[in-house]
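*Asks:* Take the given structure of chain C and dock chain R to it, following the hints.
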Amino acid sequence: MIKSLIKSTSLALALLFAITTQQAQADTYKMDTQGAHAFIQFKISHLGFSYLLGTFNNFSGSFDVDENNPAAAKVSVEIDTSSVDSNHAKRDKHLRSADFLEVDKFPKATFVSTAVKVTGDGTADVTGDFTLRGITKPLTLKVKHISGGKDPWGGLRRGFEGTTKFALADFGITKNLGPASKEVEIYITIEGIKQ
Amino acid sequence: MKTRNTENGYGLVAIGMHWVFALTFLGLFGLGFYMMDLGYYDPWYTKGPIVHESIGLLLAGLFLFRSYWRLSGVNPEPEKGLHSLEVWGAKIAHVALYLLPVIIFISGYLISSADGKAIPVFDWFSVPAILEPQKKMADTAGLVHKYVAYATVAIIALHAGGALKHHFLDKGETLRRMIFPEK
Numbered sequence: 001m002i003k004s005l006i007k008s009t010s011l012a013l014a015l016l017f018a019i020t021t022q023q024a025q026a027d028t029y030k031m032d033t034q035g036a037h038a039f040i041q042f043k044i045s046h047l048g049f050s051y052l053l054g055t056f057n058n059f060s061g062s063f064d065v066d067e068n069n070p071a072a073a074k075v076s077v078e079i080d081t082s083s084v085d086s087n088h089a090k091r092d093k094h095l096r097s098a099d100f101l102e103v104d105k106f107p108k109a110t111f112v113s114t115a116v117k118v119t120g121d122g123t124a125d126v127t128g129d130f131t132l133r134g135i136t137k138p139l140t141l142k143v144k145h146i147s148g149g150k151d152p153w154g155g156l157r158r159g160f161e162g163t164t165k166f167a168l169a170d171f172g173i174t175k176n177l178g179p180a181s182k183e184v185e186i187y188i189t190i191e192g193i194k195q
Numbered sequence: 001m002k003t004r005n006t007e008n009g010y011g012l013v014a015i016g017m018h019w020v021f022a023l024t025f026l027g028l029f030g031l032g033f034y035m036m037d038l039g040y041y042d043p044w045y046t047k048g049p050i051v052h053e054s055i056g057l058l059l060a061g062l063f064l065f066r067s068y069w070r071l072s073g074v075n076p077e078p079e080k081g082l083h084s085l086e087v088w089g090a091k092i093a094h095v096a097l098y099l100l101p102v103i104i105f106i107s108g109y110l111i112s113s114a115d116g117k118a119i120p121v122f123d124w125f126s127v128p129a130i131l132e133p134q135k136k137m138a139d140t141a142g143l144v145h146k147y148v149a150y151a152t153v154a155i156i157a158l159h160a161g162g163a164l165k166h167h168f169l170d171k172g173e174t175l176r177r178m179i180f181p182e183k
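Chains as they are written, first to last, in this note's numbering: chain C, 1 to 195; chain R, 1 to 183.
Keep in mind that the hints were calculated from the coordinates and are not lab data. Owing to the predicted nature of the structure, the values given are computational and were not obtained by experimental measurement. Do not take every clue at face value.
Quick list of simulated restraints, FRET-style, between CB atoms [unchecked claim]:
id	chain 1	residue 1	chain 2	residue 2	range
1	C	49	R	44	11 to 21 angstroms
2	C	55	R	39	19 to 29 angstroms
3	C	86	R	30	36 to 46 angstroms
4	R	40	C	161	27 to 37 angstroms
5	R	30	C	174	26 to 36 angstroms
6	C	165	R	151	37 to 47 angstroms
7	C	161	R	35	17 to 27 angstroms
8	R	39	C	114	51 to 61 angstroms
9	C	78	R	91	48 to 58 angstroms
Yeah, the Cβ is synthetic: ideal placement off N, Cα and C, and Gly gets one too.
With the rest of the complex left out, here is chain C (with noise of 0.2 angstroms):
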């Protein structure tokens, strides 16, 4: 009787501890700006003779991984408009402003991932809620993990590179810039710490 009770809740116990260590882990990581190894890109056609690379200098974000279930991947970003970056004081200033990030009232682009669907082998698209210039809509970035393991300093890393592109005009920026410039892609690569 005691017997089977020890059992019982030693078997209770261990199926606790494997459903806890199952949640567990689901790793966060940290995405590493501060040593500025993560990059949110974006590109975009100058009358459609060239492209136009820019990218955020200031942004925050983490993600959770848990290896043996990629679907559960979760990750959030918060972009600091005012830090976009073209190589070209006068055209941030342009960019700043009210003709397209309008970076006084809209100091804050966010992604906030709702669904992650595994496509392959690494592979993934990675659905959230993309708020720009205030506007919400959802988002799907193609996203590939790259590798994962220990750094050289003590440290666990992982990184993702992703792209994807939306119409301007879908958040609210209307300035024309002609018919090759509608559209702007994103390309991405992240590096987190494991925290």
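*Replies:* This is chain R only, laid out in the frame that chain C set:
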């Protein structure tokens, strides 16, 4: 015809610089105002800023010489028979019309050199940047440039209104003195 000013009137150099400065300044104001809302496909979208910056920097050179000329020479006394409020109002406007352009020149220079790159004056020469690139400097300098320019144009309107009043209502010499150099 005198080139330098006397107690009674202006010389040719001061008069010439006054009108060149005034017309160029107002021209730059008009161009700047027009440039602010140009569409991306407008031919002046790229040409406007080059012309505005180049002429602005050349005008800053003229401004330096004009200030030197004003400070180093004699300045005519105000016309006789004016109310002391008019005399003081005119003096304050004159001081403002020398000080505010300094702010406009400096802020304009800071917008255009905010990358830390030199500003071309047409394709003749370029003016180097002195400050390191600074985040948002162009935005702050842009606001200062715009509002100080508005204030200056308002003072120019008062200054011109005063001159016209002295000429047409008071039948005085004030405006004529700024057109005809001292004999």
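*Asks:* Next, verify each hint and record whether it holds.
*Replies:* Each hint, compared with the structure:
no. : hint                              : in the structure
1   : C:49 x R:44: 11 to 21 angstroms   : holds, 20 angstroms
2   : C:55 x R:39: 19 to 29 angstroms   : holds, 26 angstroms
3   : C:86 x R:30: 36 to 46 angstroms   : violated, 29 angstroms
4   : R:40 x C:161: 27 to 37 angstroms  : holds, 31 angstroms
5   : R:30 x C:174: 26 to 36 angstroms  : holds, 27 angstroms
6   : C:165 x R:151: 37 to 47 angstroms : holds, 45 angstroms
7   : C:161 x R:35: 17 to 27 angstroms  : violated, 40 angstroms
8   : R:39 x C:114: 51 to 61 angstroms  : violated, 38 angstroms
9   : C:78 x R:91: 48 to 58 angstroms   : holds, 55 angstroms
In this structure, the earlier hints numbered 3, 7 and 8 are contradicted, and the remaining ones agree with it.
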